[in-house]
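Residue numbers (the numbering used here), protein chains in the order written: chain A, 632 to 1284; chain B, 15 to 237.
It should be emphasised that the hints constitute simulated quantities derived from the structure, not laboratory data. Any given hint could turn out to be false.
Claimed, not checked - Listed below are the simulated DSS-like cross-link pairs for lysine-lysine, each with C-alpha atoms no more than 27 angstroms apart in a straight line: (1) B:134 with A:1252; (2) B:171 with A:1252; (3) B:130 with A:725; (4) A:1010 with A:1262; (5) B:171 with A:654.
The structure displayed is predicted, hence computed values, not measured ones.
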Amino acid sequence: MSPQDPPPFVVDDRGRVLRLARKLGQGGEGAVYELEDDTDIAAKIHHQPLTPLRAEKIRAMAAMQSESVAKLAAWPTGLLSLPSGAPIGLLMPKVTGHKDIHHLYSPKSRRAEFPGADWRFLIRVAANLSRAIATIHEASGVVADVNHSGVLVGQDARVRLIDCDSFQVSGQGKMYLCEVGVPTFTPPELQGLLFSEVARTPNHDNFGLAVLVFLTLFMGRHPYAGRYLGLGEMTIERAIGESRFAYGADSAAHQIERPPGAPSLGIVSPAVAGLFERAFARASRNDGRPTAREWAAALDGLEGQLRQCAFSPAHWHFNGLQGCPWCRMEAATGVGLFSTTVSSGAAAHFDIDGFWRRVEAIEHPGGAPILDLPEGKGKVRISPAVMAFRQQRQMHRLYALVLSALPLPIALFVSLPLPARGLFLLAAVGLYYVARTLVRAANDPAIFVAKAQQDTERLERIRTEWQNQAGPGRFDAKRAELDRLRAAWIAARERREQSQPAPESGGRAAALRRFLDTFAIEDQEVKGVSSARVPLLESFGIATAADVDADRLDSVPKLDRHLRDALIEWRLELERRFEAQAGPQPAPPDREVLEREARDAQLRIEAALRTGLQDLQEIQKQTLFARLSMKVRVEEAHRAYLQSAADLKAVSR
Amino acid sequence: MGGAGDLEQIPFGSSEFADNPEPRCPCLLLLDTSESMAGARIDELNHGLATFQRALAADSLAMKRVEVGVVTFGPVQLLNDFQTPDHFRPPLLSGAGDTPMGAAIAGGLEMVRQRKAAYKANGIPYFRPWIFMITDGAPTDDWRAAAAMIREGEMTKGFSFFAVGVEDADMDALAQISVRMPLRLSGLRFRDLFVWLSSSLGSVSRSGMGQEVPLLPPGWARA
């Protein structure tokens, strides 16, 4: 059993035995489980048995439940123990249908977990969170461990606070401290202190609240995560301790810049921006951070000062801005910040141009660098083995020479008959050949030949590998594939556009318009329209039945009511005539099928494009990496090749 | 906040950080794919990698914070650059070649350095990177420079380097390379190892940035 396995069952205060069911979540201290027989209650089970103080705190909290708090927090309702009696956890109301707030504030997870949530929604969540914390404060509690996983958000923007057993509470004349904290939400004055020894205040909570509000409004960016312009590592903890708010008015003085692509503090109203400045200012350390109530009021105010972007309906922004900050951010990063809730079946918008910019931004790795491989002529020293081999061969040759020369003095200097002399000479020649064969047999250079061949082949192989991995071939091939996919996508888009004419320009509506256009008011005897009125109507662009509609007629000053109604009646009559002629609406399935097929093709290509982009990035990095890691191997193989070539040359002489 | 600040140029390619500005917890796997790993060892390692991906994907916070990179050695190759578990496609490894551990470590450390530079340039907070090396042999190249770099990195808290030996790995050589005590895998329990690794990374990614996180006992290691 690993330390994280839960006990099979637990016992509550009244001695009821409870069986744990599915695990709902996992935290640092323990895990939360469903109960087998009760759907409204959850059990939090710690990894380690609780200290007596912790158990007492849970009992005290269970005793002080209140309705106002129960609505917004998973307040402990009872203590749980192991069968042995050791306290191990607590009971609390189960929160369903809610998700961690970090799923909401990161654009990436927001698209999946909170589809359709726009900035209005985010502001509302931040305001609701402020209201929840204000409620805790007004009930004399302190959340203490404010953090990204202690807040759950529903699809209706209401929040629930969880992990309430870590709140700091007072009951029966005793204060129960909170022993934990997450450093990135911890105010500067508490950084580095032991939480188990510090009594927290609402002013401390208000720092964590400001960080959470910031994360929520600023697309998941932490207020202290910036580009540090000084030397050394700048962790968030350190930046908090040194009041380096990366978006603040005096961020430059703190040598910190907001991250590239992140929005400026100006995207919120001056009132909300002022609260952020105050919350993160050095001067607010002891007191004076905006309270949860102040946040709620300012955020409600911001919600009333929003405007919808003219280009993208999913973009809502502060109406005091000239342009839309989200358009700018999306254009700069290629990331869709807010998902639009699209009608079923419609393909989500795929920005081919933005996508292609990302493809083009991947730098071509260029050709494989020319390696500085020495030619090695005359520079390579012969290896010791070859030296020894050559020395030995020299000796053998010398012996052979001496041996074959032995008969010579006899042939030359001893007086012998001519044929005998010739015999000795012949013997010398014969001996020479025998000795030479022996020397060759004893000094076979075959191993050097083999070694040279082997090293040549290895160099060849490694050079090919180098070309494959360090050269641009793989990159070019993948890039060509992406080019083809892009062309295919554009072709699919064109096919789609042809199969689905826009409602104004084609199809039945256009046919009706053409039909109505053939009926000029002038030519017709419209009941109640005297020809004297025609020029007036024409001057307002109303000439044929197609131009007749209520809005347009109402724009004509002093138009007789009867005349207006008569014209509309006339048009309706003509429309009915058109319907009778044109027959029932053409059956759409063919077009729908075509449309669906074209869309599916497009979606498939989009998926391939996305994977292709990822592959291309990977190949580019792999290529650059191969150049680093393979260089030594090529050089080494080349050295070995030069050596064995020189050796071979030396033994061949 | 002056108008000039709003005209600041934004480097292209920072989209992954705009999309997901969560703090990152990079983990580099240095995997031995030398000849001796071929067969059951590499099969189990492949299963382990798949388990790793699934285990990380099951943890919604780790999914946004942990980044996995893979470098294999024998020969040294970059298989995956750092990416979050949803983009991480576990590679299928095969064993062939020698054990150029020194070159792999040098290349891996360079990757970690570049990734940290990208985090800094984009204002993304990060946890201390983990480098996790798994081998069943001994280095066949010069590893002394790599060992010196590891000592330096551990001393400056630039990263944490863990070495795991499989079966007949040369534990003495590993002990000279790694500052932390190398661990020996019990049998071929790669899957247990990767489950442990993913839950450890999960706890790290939930912790404070400068905090030392108490790790679970590695049940997959042999004393």
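Hints broken by the structure, by number, lowest first? Hint check: 3, 5 fail, others pass.
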